[in-house]
Amino acid sequence: MGDGSAIATDSEQHANLFRLLFNSHGTLGIVTAATIHLIDAAPYVKSSYQHFRTIEPYIAAFERALNKTQFMEGVVCGSGSYVLIATDFVSDIGNLPVFHPQEDGNPYYYQHVKQVVMSDSTPTEEVIPTAEYIFRSMRGLWWMTECIVGLPMLTDSRWGRQYLDREIEKVRSKYGFSSPNLTSEERERCLVNQDMGMKLSRLRGGN
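Going by our numbering, the first residue of the sequence shown is number 46, and it counts up by one from there.
Please note that a few of the clues may not be correct.
Said to hold, decoys possible - The following label-pair restraints were derived from C-beta to C-beta distances: (1) GLN207 / GLY71: 34 to 44 Å; (2) VAL216 / TRP188: 18 to 28 Å; (3) HIS145 / SER50: 42 to 52 Å; (4) VAL143 / HIS59: 21 to 31 Å; (5) HIS145 / ARG217: 17 to 27 Å; (6) GLU212 / ILE52: 40 to 50 Å; (7) THR169 / GLY123: 14 to 24 Å; (8) MET46 / ASN112: 43 to 53 Å; (9) LEU111 / GLU212: 37 to 47 Å; (10) GLN160 / ILE52: 28 to 38 Å.
Stated by the list, open to error - When the alpha-carbon atoms are kept at most 20 Å apart in a straight line, the in silico SDA-like pairs for lysine to any residue are as follows: (11) LYS244 / GLY49; (12) LYS91 / GLU177; (13) LYS244 / LYS91; (14) LYS113 / ARG64; (15) LYS113 / THR169; (16) LYS244 / PHE134; (17) LYS91 / PHE134; (18) LYS219 / LEU186; (19) LYS159 / THR132; (20) LYS159 / SER136; (21) LYS215 / SER182; (22) LYS91 / PHE107; (23) LYS113 / ALA87; (24) LYS113 / PRO102; (25) LYS91 / THR190; (26) LYS159 / GLY119; (27) LYS159 / GLY195; (28) LYS113 / LEU83; (29) LYS159 / CYS192; (30) LYS113 / ALA86; (31) LYS159 / GLY139; (32) LYS113 / SER126; (33) LYS215 / THR190; (34) LYS91 / GLU148; (35) LYS91 / ASN151; (36) LYS91 / ILE138.
Rather than coming from a laboratory, the hints here were simulated on the basis of the structure.
Yeah, the Cβ is synthetic: ideal placement off N, Cα and C, and Gly gets one too.
Sequences and hints are given; from them, build the entire structure.
This is the structure in structure tokens:
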């Protein structure tokens with residue numbers, strides 16, 4: 046903790062701190078040791094997409110899905126467009142389509158999510174290879190590639206994404222994950238963390 050003390054916490058002991066640590070990014074304290082429960086992973090995951098136009102049904106579905114699926118994600122595509130993604134491990138693909146978020150040129154994962162919910166002809170269930178699902182946000186860096194590039198003709202087309210994928214891989218192969226143009230101090234000074242946690246009750250109130 047900030048005062049130098051060490052606290053053991055779990056879902057019952059210092060429960061509030063335990064729940065808040067996940068999205069605190071070191072602001073509440075530094076985790077020095079953790080007990081992690083592992084589970085077996087299957088080769089694939091099956092994702093189901095639900096699209097809502099208003100927030101109340103979305104929050105109700107979110108609450109019902111809690112602790113009933115292995116992975117759950119909520120995406121707000123804009124005012125009047127809310128997506129709930131429920132994902133579970135599966136051993137085979139069955140008759141479902143397969144999406145590869147790591148394949149060069151394919152839509153970035155959240156582009157794909159938006160396409161799924163906006164198209165009546167696109168299935169609401171699909172399968173993704175587990176390794177690709179775990180790193181689904183790496184290509185496209187969530188929405189950051191689209192924001193930084195600022196050219197829909199590149200980020201919204203297959204040939205454009207293939208070009209960007211090749212160029213990004215060249216830089217990564219040469220410099221790793223460090224920036225060739227910024228010192229460590231400069232990177233730390235300009236770092237903006239876009240993740241945040243919000244209670245469903247606050248989401249319902251719009252606060």
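**Message:** Hinted pair, alpha-carbon criterion (20 Å max): LYS91, THR190. Please report holds or violated.
**Reply:** violated (26 Å)
**Message:** Taking the Cβ atom of HIS145 and the Cβ atom of SER50, is their distance within the range 42 to 52 Å?
**Reply:** Holds - the Cβ-Cβ distance for HIS145 and SER50, about 47 Å, lies within 42 to 52 Å.
**Message:** With the threshold set at 20 Å, check whether the alpha-carbon distance from LYS219 to LEU186 stays at or below it.
**Reply:** Given pair LYS219, LEU186 holds - Cα atoms ~19 Å apart, limit 20 Å.
**Asked** Quick one: are GLN207 and GLY71 within 34 to 44 Å, going by C-beta?
**Response** holds (37 Å)
**Request:** Compare the distance between the alpha carbons of LYS113 and SER126 with 20 Å, and conclude whether the hinted pair is satisfied.
**Result:** violated (23 Å)
**Message:** Checking one constraint from the list: CA of LYS113 to CA of LEU83, max 20 Å. Satisfied?
**Reply:** OK: LYS113 and LEU83 at ~18 Å, within 20 Å.
**Prompt:** Straight-line Cα separation of LYS244 and GLY49 no greater than 20 Å?
**Reply:** With a Cα-Cα distance of about 29 Å, the restraint between LYS244 and GLY49 is violated, given a limit of 20 Å.
**Request:** Would you check the hint for LYS159 and CYS192, treating anything up to 20 Å between C-alpha atoms as holding?
**Result:** Status holds; Cα separation ~16 Å.
**Asked** Given the hint that LYS159 pairs with GLY119, does the C-alpha gap stay at or below 20 Å?
**Response** Judged against 20 Å, a Cα distance of about 12 Å means the pair holds.
**Request:** With a cut-off of 20 Å on the C-alpha distance, tell me whether LYS159 and THR132 pass.
**Result:** holds (16 Å)
**Asked** Are the Cα atoms of LYS91 and ILE138 separated by 20 Å or less?
**Response** holds (8 Å)
**Restraint check for LYS91 with GLU177, where alpha carbons must lie at most 20 Å apart** = holds (12 Å)
Checked against the numbered hints listed earlier, the structure breaks hints 4, 8, 10, 11, 13, 16, 20, 25, 31, 32; every other hint is satisfied.
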